[in-house]
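Undergrad: Sequence:
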Amino acid sequence: MDIIEAWRQGFIHMMNIFNIIIVAYFFLANGGYTVLMGFSLGSLLVYNRRLAYQGLEELRDSVVTPPVTIIMPAFNEENSIVDSLRSVMQTDYPYLEIVVVDDGSSDETLNNLIAAFGLIKMDLIYRPRLETEPIRGFYVNPDFPNLLVISKENGGKFDALNVGINGCRTPYFCTLDADCILERDALLRLMRPIKRDPLNIVASGGIVRILNGCNVKEGQVVAVELPESKIEKFQVVEYLRSFLFGRTGWDLLRGTLIVSGAFAVFHRETVIEAGGFNEQTVSEDMELIVRLHRWAQENSRRIKMQFISDPVCWTEAPADRKMLARQRRRWQLGLCQTLWKNSDMLFSRKFGRVGWLAYPFNLYVEALGAPVEFIGYLMIPLALLLGVVPPYLFLLFVVLSLAYGTFLSVGSVLMEELTYRRYPRYRDLLVLLGYAFIENIGYRQLVVWYRVQGVWRFITGFREWEAVAHKGAGD
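Using the working numbering, the first residue of the sequence shown is number 1, and each one after it goes up by one.
In short, the hints are calculated from the structure, not lab data. For clarity, every value in this text was computed on a predicted model and none was experimentally measured. Positions of the beta carbon are idealized from the N, C-alpha and C atoms, including for glycine. Accuracy of the hints is not assured; some may be wrong.
[Unchecked claim] Restricting the straight-line Cα-Cα distance to at most 35 Å, the calculated cross-link-like pairs of lysine-lysine (DSBU-like) are:
1) Lys350 x Lys304
2) Lys230 x Lys350
3) Lys217 x Lys195
4) Lys195 x Lys322
5) Lys341 x Lys195
[Said to hold, decoys possible] If you anchor each label on the Cβ, the simulated ranges turn out as follows:
6) Arg422 x Val63: 31 to 37 Å
7) Ala469 x Gln445: 20 to 26 Å
8) Ser300 x Arg427: 52 to 58 Å
9) Leu395 x Leu199: 53 to 59 Å
10) Tyr95 x Asn141: 16 to 22 Å
11) Leu382 x Leu199: 53 to 59 Å
12) Leu430 x Asp197: 38 to 44 Å
13) Arg86 x Arg422: 18 to 24 Å
14) Gly118 x Val222: 21 to 27 Å
15) Arg427 x Met89: 29 to 35 Å
16) Gly118 x Leu45: 44 to 50 Å
17) Val222 x Ala469: 34 to 40 Å
18) Gln90 x Arg169: 18 to 24 Å
Generate coordinates for the entire structure from the input sequences, incorporating the hints supplied.
TA: Structure below.
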């Protein structure tokens, strides 16, 4: 009996320690999100007021507007690649080139491009500055002088991007996923801060929104509507929260660690000097941003990472739980890999706000927060049954957690309504508010479970890229 009692007391002591960790995580995460939300709201309101006095005509007509190459890596994107490319070719930008890199697709991706745009295979001068897998061929059409399609041996998304950089002839390049639809003036908006500060800004990211449910005609979103399934609607709320006050807040704090590779502009020479994209993580976009911070510190360069909230890129989100699981596991795995690879940044004075604010937040809240929250779902009820936590405190904590999570989700939807109002119908706004209210009951726990799987894969050394299948958004 003494052994059983000693075990019980030890377990209770462990539960008390873990409960302290749970409460500390709750206040750290939600306190951090609150600060980000406050900064973001102020920044968005000021930015939108400035937009009324900052037209795009000057940038469009200026002879010093820097040329840009859009690089689209594609692997087995036969359902979406033609519509995406048509969208890109309608981009309103004065000096634009487009490079599509087929990464050894096993489906009809390359053939669909050849048929849709009348491409022919030609020999071109190609001087690679980044090492990549071998090139199979170059495809062009004189009727589309700014379009180049490159076919290569399969090497992964990072390798396809590096091929695009090698084929790029402009000082800046824009990465764009093959399943994305780009608004006509999005690139102009994304390049606006770079034109104002071309010496320091080496990366500029825009907002990514959910394409599912929208009406697409001739490569453009003509009507913004909500998707049909619940899991897709939850992702709309999630994306609004992530971009509108997550990345906007970090941009204001000069602590950007993530610029979505689905739609971002980079300074070509800086990226080449930093080594290009690499295969050491499954989130090549975040890894590059963190490495650029390191490169700047090692080379005594002052650089900026800019996030702009009004250039819009529409992307197809996972439509079922299987694809959602693949996406979130990969995101979490890539986050853990990148943070582990750059662990010396943690609380490092030489990395400034990135080392003291952005890195710790991403480590303790975004990376470690998933397993802490998941274990909490299991341990706190057990602590309640064993009498470690009084029932009223348990209920109070649950209510506060759900209420605060709901507050953040509802706040992101209202922020969208106060600023950009991309969803014009009040019915859509009410639906989004409804999903923001219920997101923390069921969907959040599902995503946490997928993220925990990503952490486990990191611990066990899993490194494979999990592809997400897309249905395409045709006319």
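Undergrad: Of the hints stated earlier, which fail here?
TA: 2, 4 and 17
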